[in-house]
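Chain order of the listed sequences is A and B.
So for the first sequence, the working numbering puts the first residue at 1; every next one is plus one.
So for the second sequence, the working numbering puts the first residue at 1; every next one is plus one.
In short, the hints are calculated from the structure, not lab data.
Being a predicted model, the structure only gives us computed values, none of them experimental.
Any given hint might turn out to be false.
Identical chains share a label here; the pair holds if one copy fits it or two copies do between them.
[To be verified] Straight-line Cα separation of at most 30 angstroms, BS3-like style, residue types lysine-lysine; simulated pairs:
1) K50 <-> K23
2) K234 <-> K320
3) K234 <-> K317
4) K102 <-> K230
5) K331 <-> K42
2 protein chains.
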Amino acid sequence: MSNQIYFTPGPAQTFYSFEQHLKNALREDVPSISHRSIEFQKIFQFTTEKLKELLNIPEQFNIYFTGSANEIWERIAQNLIINSSHHLVNGSFSKKFYDIAKAYQLDSTIEEVSLGNPFSLSIPIETELIALTQNETSIGFNFPENEISSIFECKNDHTLLAVDAVSCTPSVNLDFNLIDTAYFSVQKGFGLPAGLGVWLVNEKCHEKAIQKQSLGHSIGSYHSLPTLKKFADKHQTPETPNVLAIYLLGKVAQDMLYRGAKQIQNDTLYKSTIIHQAFEEMDWVDPFIKQSKYRSRTVAVGELKGISSSDVISKMKEKKFVLGSGYGSFKESHIRIANFPTHSKEQTELLVDTLKTL
Amino acid sequence: MSNQIYFTPGPAQTFYSFEQHLKNALREDVPSISHRSIEFQKIFQFTTEKLKELLNIPEQFNIYFTGSANEIWERIAQNLIINSSHHLVNGSFSKKFYDIAKAYQLDSTIEEVSLGNPFSLSIPIETELIALTQNETSIGFNFPENEISSIFECKNDHTLLAVDAVSCTPSVNLDFNLIDTAYFSVQKGFGLPAGLGVWLVNEKCHEKAIQKQSLGHSIGSYHSLPTLKKFADKHQTPETPNVLAIYLLGKVAQDMLYRGAKQIQNDTLYKSTIIHQAFEEMDWVDPFIKQSKYRSRTVAVGELKGISSSDVISKMKEKKFVLGSGYGSFKESHIRIANFPTHSKEQTELLVDTLKTL
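Use the sequences and the hints to build the structure in full.
Written out as structure tokens, the structure is:
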């Protein structure tokens with residue numbers, strides 16, 4: 001590893017214990033073992049159990065592995081929506097899910113708000129699935145817990161609630177009693193190399209997939225929910241998966257449990273607060289999201305004044321801090337700073353102090 | 001790494017230079033770099049160029065990355081087939097592709113021959129895509145080059161030829177002038193951890209996907225051919241991919257180029273011959289495939305007589321050789337021995353000598 005610290009919004013700095021677990025994995029021949037062996041089944045079971053414990057996921061949820069979170073958007077479109085979903089869109093990632101639903105020729109609806117503004121939360125009564133993004137990585141927007149509760153309370157019983165938790169897991173607490181499906185990838189909060197998506201689904205999702213299939217619709221193949229479940233019930237995956245990533249995820253989740261999810265979430269809040277305070281104090285940058293309750297706790301986005309992101313990034317890189325540029329059209333006018341569990345309070349304090357010397 | 005040698009048919013023994021490249025990748029922060037950075041674009045370009053050189057892939061082919069070869073079966077069903085494909089099936093893996101086409105509600109046809117027997121090669125005239133498996137890993141069947149040529153010569157111009165090259169790449173030469181699309185995964189011949197599929201497609205495939213879409217069919221979303229091409233044209237992927245695996249694949253392909261594909265293929269033939277000869281000479285095992293031209297060069301399958309695969313496997317494991325059991329219903333009655341580029345001639349000779357002492 002170089003001596004730089006990656007505060008990029010993912011792929012990001014690897015988790016502090018990643019290299020040690022990787023060494024152990026090689027010693028244990030994890031890249032060579034069969035995905036139909038008992039050794040693999042133990043890895044699968046260990047990782048899913050540690051994730052359930054860390055994220056406080058109810059017993060009736062299943063955990064499945066995919067190639068990416070993009071793939072999970074597709075699998076939701078294929079398995080959980082017959083006619084239409086409703087998408088709360090306020091940035092590039094929430095918009096991508098809507099685009100995928102449309103690419104699967106669903107009659108999906110959208111509430112698109114200008115960036116950084118809250119949603120009106122008027123949900124079409126007939127929608128089958130509501131899609132929201134807990135942490136919109138592109139602009140650093142946080143979907144507050146009480147607004148997720150409001151959606152849960154006003155929606156129909158048959159409507160599924162899908163939460164994009166890609167860049168907030170495990171740093172933000174999610175109440176899985178409100179949620180039917182959530183998903184994340186491992187190169188954000190877990191500080192692992194990219195190449196694994198994690199899909200959490202409850203029993204209602206399985207029922208919906210079976211209903212869709214029984215009506216004569218295709219729900220995909222090796223990664224349809226019934227097929228994923230058939231294999232997961234024996235701690236396996238339908239295809240040869242990214243075994244190494246599943247192993248590493250379990251080990252990192254175990255390390256996080258030693259610290260505790262609550263402590264990680266408290267630390268996240270502290271670090272997020274000092275980054276946003278710095279944005280407020282400095283002349284050349286403002287927090288992009290104005291209302292603090294809507295500010296992401298894991299990806300702080302700063303709107304630049306009189307300086308470009310390339311300038312800020314290159315100055316910070318000289319000091320060994322790697323920051324993210326703005327997303328899409330904001331490439332030059334925003335900076336993005338990740339705040340994941342591997343970023344210590346001390347590193348973040350040093351980052352903030354360094355920003356103030358620019 | 002333990003002191004065992006994995007002769008399992010994949011995941012298998014890692015390539016001899018894998019650990020060194022992994023160390024370099026960590027030193028270069030490969031797990032942390034952005035998939036939108038120039039560093040990643042260079043990795044993507046390096047890997048696709050080395051693969052094209054190693055596998056002698058014509059310039060007009062594109063190389064795309066997916067989560068697995070299973071995913072590529074789906075992407076072919078979504079992008080390259082409007083009504084029907086024709087599947088030459090003689091084992092579990094060729095059958096899986098047919099099942100996936102049916103799960104996508106295609107009107108696909110099948111020629112299924114009893115295991116180990118050759119195909120009649122009578123292809124329905126109207127089929128849009130012919131699917132064959134160069135190396136049927138489940139039973140160790142090799143699809144001879146001259147039979148691939150025969151299919152090419154008798155098929156219609158508009159019919160695409162898809163070759164499953166999962167467990168034969170780069171050990172068996174494929175003539176890409178005959179093929180429209182081929183695919184493999186990295187945990188077989190490349191000796192890398194599982195979690196990456198590689199999809200090779202020519203211009204005719206792109207035209208077919210656009211035709212299918214223009215007729216109003218869904219061709220998927222982030223991994224549709226037009227989307228993959230849009231990103232690959234700038235050396236990128238639509239989603240955050242398995243960056244580390246793409247990096248490692250390029251480095252291993254480069255190492256293989258130092259040796260040369262021809263040399264690897266000659267060595268493969270030599271090692272395959274001595275394993276099959278041993279099967280013929282020993283009392284307790286016969287080659288499962290009787291005609292030598294149909295015997296896989298990369299996965300030798302032995303039919304056991306009076307001994308179970310668990311017995312053979314456990315005796316060989318004591319001597320540090322890890323062999324594969326039979327596939328599916330052949331679990332106890334077959335052994336499978338991989339013969340990939342990382343298995344040296346000396347290791348394979350030692351394996352054969354050890355088998356003879358059982």
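Hint check:
Within a single copy, K50 and K23 get their C-alpha atoms as close as 20 angstroms, and across copies as close as 28 angstroms, so both meet the 30 angstroms cut-off. Taking the closest pair of Cα atoms, K234 and K320 come within 30 angstroms of each other only across two copies (28 angstroms); inside a single copy the shortest separation is 46 angstroms, beyond that limit. Taking identical chains as interchangeable, the C-alpha atoms of K234 and K317 lie at most 30 angstroms apart only when they sit on different chains, with a minimum of 25 angstroms there against 47 angstroms within one chain. Within a single copy, K102 and K230 get their C-alpha atoms as close as 29 angstroms, and across copies as close as 19 angstroms, so both meet the 30 angstroms cut-off.
Proximity of K331 to K42 under the C-alpha cut-off of 30 angstroms is restricted to the inter-copy arrangement: shortest distance 21 angstroms between copies versus 43 angstroms within a copy.
Checked against the numbered hints above, the structure violates none of them.
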